[in-house]
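Given chain A, put chain B in place with the hints provided.
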Amino acid sequence: MAKWTYSDKVKDHFMNPRNILREDNEADFHGIGLTGNIKCGDEMMVYIKVNPDKLTITDCKWRTYGCASAIASTSILSEMVIGMTLDQAYAITAKDILKELDGLPDNKVHCSVLGDKALRAAIDDYYGKNGMEDRIRTKGAKIVCECMQVTDEDIEHAVLDGVRSFSELQDMTKIGTGCGECHENAQSVMSEYIQKHFGL
Amino acid sequence: MEHRTVYFDNNATTPLHPGVKEALIEGLEIFGNPSSMHGFGREAREKIEEAREKVASFIGAEADEILFVGSGSEANNTVLSLLHCDSTRCFCALSGRSGLVTTVIEHPCVLNTARDLGRKNHAVTYLSVDKYGRIDLEELRRAVTDKVGMVSIMMANNEIGTIQDIKAAARIAHEGGALFHTDAVQAVGKIPVDVRDLDVDFLTISAHKLYGPKGIGALYVKKGSPYCPLILGGHQENGRRAGTENSLGIIGLGKAVELRALEMEEEEKRLLELKNILKDGIAKAIPDTLFMGHPEHCLPGTLSVSFVGAEGEAILLYLDLAGIAVSTGSACASGSLDPSHVIMATGVPVENAHGSVRISLGRENTLDDVQYMLHHLPPIIDRIRTMSTAYRRR
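In order, the protein sequence lines correspond to chains A and B.
According to numbering that gives the first Met the number 0, the stretch in the first sequence is residues 0 to 199, in order.
According to numbering that gives the first Met the number 0, the stretch in the second sequence is residues 0 to 393, in order.
Keeping only pairs whose Cα atoms sit at most 25 angstroms apart, straight-line, the calculated PhoX-like set for lysine-lysine is:
{"id": "1", "chain 1": "A", "residue 1": "Lys38", "chain 2": "B", "residue 2": "Lys130"}
{"id": "2", "chain 1": "B", "residue 1": "Lys213", "chain 2": "A", "residue 2": "Lys2"}
{"id": "3", "chain 1": "B", "residue 1": "Lys119", "chain 2": "A", "residue 2": "Lys173"}
{"id": "4", "chain 1": "A", "residue 1": "Lys2", "chain 2": "A", "residue 2": "Lys94"}
{"id": "5", "chain 1": "B", "residue 1": "Lys268", "chain 2": "B", "residue 2": "Lys283"}
{"id": "6", "chain 1": "A", "residue 1": "Lys128", "chain 2": "A", "residue 2": "Lys141"}
Keep in mind that the hints were calculated from the coordinates and are not lab data.
Note that the structure is a prediction, hence the values are computed from the model and not measured.
Chain A extracted, bound-state conformation:
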């Protein structure tokens, strides 16, 4: 049989996903974070239990709607974070998840980016519920293109999907195809993300 689409690690987590949330124990968790949406093809929900004294994650469960790499990346993330402090977990990036998975095809990278976002949303949810609002660092996605409602997060996803030029970005997101006022800002946001993720 020809080589599988993904790494052995991805295959393992796809075939035997760890820490899936069962329907009956949703209420036992201290922080819940949701990211993505079904319309786009990927949606992830991360649930954490927190030791309130040490501020460490004692358990992490998840649900994911999405492809094999989305399932595997949430599964592996749930294993990575158990035992971490909230600060450590908050610092996990898409790159960290990718590394644990032994890589993903370029066009799949946006899937695994969602897991770390859902996790940060869950941590922020915990902070919010426990009077630690000052620790919340997530700022909502900022709209860059008003006409087409394209956010900085959308631009980041596009960059992670391989977009390198403004016309490619427009093909993918339709950004700046309305009034066109956002062009300059959109290009600089795009360049920032290219710099951030790929150092180019």
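Below, chain B without anything else, positioned relative to chain A:
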């Protein structure tokens, strides 16, 4: 249940018919250039002309109306390229009628060629489809203005299997003074196709969809139709398609249609029965499913289904691990971020498009294959739904 491999992706491509394989092995001996006048060349020429006869008779055409091309995509590109012929190298310019009417559910080789025409300032109209994937003939009638040179409508859709009323569509095109092309790649070899009865001007065939080899297709060009070659060069195919003929591929295509003529009718009846068993089995075992495509006007072996809360690539890969090959309209599996344009065009919610699976049966499939699928699919869907954010049991 014992592990087996089940190929349910016959709309993507088909395995070689054993008879075709045999013909190809024999054909390997024939190396002469069919344009050569000596014995080696004449032998190759003879085989090619035999194959041409077979293809022609399979679709009710004359032999000189068939030309061999490298693929269905090439055939479709060739036909649409007539619209920008400026008559400087041939005499086919469509008297100023440079517009194209096509549909939103065409294969990418038509859609992307149409978009290219659009960029070159040709007026292109894309007909919408109903929830079953059928066009509205009245919309077509309105679209065929005196600026339209060509109407191109696929006969049967590769993803959902829906079959269009090509005879009526061709009549409407002709009444409006336009030429009519149909991409019949998914239809020829699965349902009866007669070019005289349909009265089309151009029709596209691909060998690898009917148990023939890859890299070879045929284009029917009705006698007297305007025609302009896409590939310039030698005089092959009567100057209509340059490049030394792919004799081996042509032999394979000829054998494939010969065998289809013998086997198609019985086999497609059998595939329809198998598909219905599969469909009923899925409907019974798996809640919250949506079947797509036309309930009647549909390819016998094509079943398109979507499972709420389960994403298509995950379904495909779990089935693959069980030895079953299907395809999906999910964005994840397509390499782009967009789910199937065909399923979206039928007005199905986007999450259903992401969760769509195409099961396409072929001549090698058996009842055991169907039962194997019905054994594996329900637990796979259940498993995916258990970890899905988008599904709650009732």
